Amino acid sequence: MLKTKRICSLLLILVTALTLILAGCSSPPTSGQGSGSGTGTTATPTVAADSGKTKSEEPAVKLTWYLVGNRQEPDTPKVLEEVNKYLKDKLNVTLDLYVFGWGDEYDQKVNTALAAGEPLDIVFTANWAANYNVNAASGYFTELNGYLAKYPKIKEILGEDFLNGSAINGKNYALPTNKEKVHNWGWLLKKDLVEKYKMDTSNIKTIEAIEPLLKIIKENEPEITPLCIATMDAPFQLLDWDRISDDDVPGALYPDNRDYTIINHFLAPESIEHYKLMRDWMNKGYIHPDAATMQNQVELMKSGKYFAASQSLKPGKDDEMTASTGIEWVQVDVTRPVMSNRETTGALLAIPAASKNPEKAFLFIEMLYTDKYLKNLLNYGIENVHYKKLSDNVIELIDPANSGYNPGHGWKFGDQFKDYLMSNEDPQKWDKFLAYNDEGLVLNSLGFVFDKTNVETQVSSCKNVVQAYYKQLFTGSVEIEPTVEQFAKELKAAGVDELIAEMQRQYDEWRKSK
Amino acid sequence: MGSKVNTKKKDAISIFKRKSIGNRISPINNILINLFFILCSIVCIAPILLIIAISFTDEKELLVNGYSFFPQKYSLKAYDYVITAGDTIWRAYGVSILVTLLGTVLSLMVICLYAYPLSRQSFKYKNFFSFFAYFTMIFGGGLVPWYMVYTQLIPIKNTIWVMIIPYLMNAWYMMIMRTFFKTTIHESIIESAKIDGAGEFRTFFVIVLPLCRAGLATIGLFCTLGYWNDWWLPLMFVTEYKLYNIQYLMYQTLNSIQYLVSGSAQFSESSKILAELPSESARMAIAVLSIGPIIFAYPFFQKYFVKGLTIGAVKG
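Residue numbers (our numbering), protein chains in the order written: chain B, 1 to 514; chain Y, 1 to 316.
Just chain B, with the same shape it has in the complex:
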């Protein structure tokens, strides 16, 4: 009996031990960061840009980079190998790049890692991903002013204005991508129909101006719905309110810098006029009767059954959408380009405070702005494997449908104007971008960040009310007057007045301190 007991306990111990050993074993080859970088790589915290002298003796510093995207491309290891070969001589660093999905997945991964103090070196952040303002305010990001002064190249490329747009209380915590710095709104129209009816789009400068075109489609094309609306992707966006907070939170300024008064833009006279126009269009059959329940504008556009869709534009947007939806579009710019917080904090790279090599990380980020080869390597993969060069600056993807590396990273980091152009893109694309940037009006609210903490309840209850009403109003699915009345009543009950007052107070304070 004693013997069996002993054998059994021995077995148990063995199993437990084996579990632990296996756990230990399988860790090193896969450990990209976190645990891994805690041990070996940090042995030499190289604090130097003087990569010239001693680089060959020092082990390379590993930089871990979290980026948002569709997925980790299958050929990422191959591309990173090239990147690391290149970086070895330049900075003596090796790069570890991780791409996580949009929305929850990315936020969850980054926010936990930041909170747990994991030694990440570079993270992508924005007003819509891994909340830049909150994380910067919580002290998770390194302040970069010192580095910016020491290595001025990025500042020269971005320009003071744009860089300051993402600063919080005068301190830069992240570096924005150099890309389009303004946005405007307009329509995408189905090209074949525009050509078929010889439509003149040059005079469309207001929302109403598109009505004659919708009418032509309605009368002649029974198969086609003139206007494509789904959720927030509605012509309402063409009013281009300079929103203080999220899409579905009341509170905005007029987008023409006319004053400094924040209003509830969902109930502004212009908006109510717009709802009535939509109601009219709905009654005339320009809008799909089920529009209020549609979910995904792009999917609808892909079906080829819609003529016009409201979109956020930039030069070459029509080419981009033609390539990705498989249907040809022409773009019609309606609103004036403006530079708002949406752009200045739309795509940023930050260096977490827990990084062991912030200076190296900064220098690497600087290379993304200055080094054309590196930028394109990360963006398009390896030449002749993932893309072919057609001319000096124009490329073509090899087998785009099954490509092992086609992440579409261009706008997420560095200087987008250094990216190669695709063969189906306008060769003048970047020049047009630059001109477009200069055209933009700098909004009065640029750099202002609304802090929700004092009015958390009001924000969430107002959101709920807006969520309940906006679809019907944006699509004209209901009678406007009684609905707006009800909407206003519920917003009031939800505390919209306190919310706007708080926004105004913070905004005034911020203006004074500026």
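Fair warning: there could be bad hints in the mix.
Derived EDC-like pairs: lysine to aspartate or glutamate, alpha-carbon spacing no greater than 16 Å straight-line [claimed, not checked]:
| id | chain 1 | residue 1 | chain 2 | residue 2 |
| --- | --- | --- | --- | --- |
| 1 | Y | Lys60 | B | Glu425 |
| 2 | Y | Lys272 | B | Asp319 |
| 3 | B | Lys452 | B | Asp415 |
| 4 | Y | Lys272 | B | Glu221 |
| 5 | B | Lys196 | B | Glu328 |
| 6 | B | Lys153 | B | Asp319 |
| 7 | Y | Lys272 | B | Glu299 |
| 8 | B | Lys171 | B | Glu211 |
| 9 | Y | Lys60 | B | Glu223 |
| 10 | B | Lys85 | B | Asp371 |
| 11 | B | Lys191 | B | Asp319 |
| 12 | B | Lys284 | B | Glu383 |
| 13 | B | Lys191 | B | Glu143 |
| 14 | Y | Lys242 | B | Glu143 |
| 15 | B | Lys305 | Y | Asp87 |
| 16 | B | Lys153 | B | Asp371 |
| 17 | Y | Lys242 | Y | Asp87 |
| 18 | B | Lys191 | B | Glu359 |
| 19 | B | Lys78 | Y | Glu61 |
| 20 | Y | Lys272 | B | Asp280 |
| 21 | Y | Lys272 | B | Asp415 |
| 22 | B | Lys305 | Y | Glu59 |
| 23 | B | Lys463 | B | Asp247 |
These aren't lab readings, by the way, just hints derived from the structure by calculation. Computed from a predicted structure; not experimentally measured.
Starting from the known structure of chain B, fit chain Y onto it as the hints suggest.
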């Protein structure tokens, strides 16, 4: 011992027979009850059938006509896309299966080894250890400390183990198992084993466990489902693409699309990205593939399952 069980069984059957004659349900009730459960089954099965139908529908048709149980145009393109999309999905499949098998076995072992002593009257510290487990059901350490345990204290981040170990012990399953041991295994059985010369381990593995197959199967099924359906652990701990499991791949795609259509993505590229993500039918094809293997687990466990569910009811 055998004959004792047999007579008990006979008793039970005769009682059942007698009762069922007296309580036979009327034909109308019978039909109504049947109808009710048929409806319930349809409500459960219809969405799955719809998903399968969508996955076989032509993409264009889906955009134009919407979902239908009987699409006018069938297409295998979605599966073609999924299967040719590199080894990603097969690898994820492999990870899921490995984690589920390994996880279930280890988890059952850990749970039983904890539950069994607590079911024994003679175990001196059973109150303390019961409370110890019970405590974890009410109070958690919080997300960040929990995260740090598996990244720093036990550095298993980015290994297969990180998808297994955090779910190994489950206090609730442990309590079910303890109750099961208590009610199925009479103290006299253990005593007789002891008299016959079996040690504690032998008693446990040779006598107790085989008698508790129903309980093991129930908890086993729970564990299997838990491991198979989990995407939370990869979300927290796995950054290495090769270790993604099938549920996580699905979560990633669906979550991305949901986020991008919600309109909260404030960047001009969102519509372009959205257009390039997998189509509706491809998403459904992944969903169909992900329910594949686990459906085979049910018949395997079923014969024990009903019995297992009655755990806790007082037995003669």
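Now for the hints, and whether the structure bears them out:
no., hint, result
1, Y:Lys60 <-> B:Glu425, "violated, 26 Å"
2, Y:Lys272 <-> B:Asp319, "holds, 10 Å"
3, B:Lys452 <-> B:Asp415, "violated, 32 Å"
4, Y:Lys272 <-> B:Glu221, "violated, 27 Å"
5, B:Lys196 <-> B:Glu328, "holds, 13 Å"
6, B:Lys153 <-> B:Asp319, "violated, 32 Å"
7, Y:Lys272 <-> B:Glu299, "holds, 11 Å"
8, B:Lys171 <-> B:Glu211, "violated, 47 Å"
9, Y:Lys60 <-> B:Glu223, "holds, 15 Å"
10, B:Lys85 <-> B:Asp371, "holds, 15 Å"
11, B:Lys191 <-> B:Asp319, "holds, 11 Å"
12, B:Lys284 <-> B:Glu383, "violated, 53 Å"
13, B:Lys191 <-> B:Glu143, "violated, 48 Å"
14, Y:Lys242 <-> B:Glu143, "violated, 34 Å"
15, B:Lys305 <-> Y:Asp87, "violated, 35 Å"
16, B:Lys153 <-> B:Asp371, "holds, 12 Å"
17, Y:Lys242 <-> Y:Asp87, "holds, 10 Å"
18, B:Lys191 <-> B:Glu359, "violated, 50 Å"
19, B:Lys78 <-> Y:Glu61, "violated, 38 Å"
20, Y:Lys272 <-> B:Asp280, "violated, 30 Å"
21, Y:Lys272 <-> B:Asp415, "violated, 20 Å"
22, B:Lys305 <-> Y:Glu59, "holds, 14 Å"
23, B:Lys463 <-> B:Asp247, "holds, 9 Å"
Taken one by one, the earlier hints fail for this structure at numbers 1, 3, 4, 6, 8, 12, 13, 14, 15, 18, 19, 20, 21, listed in ascending order.
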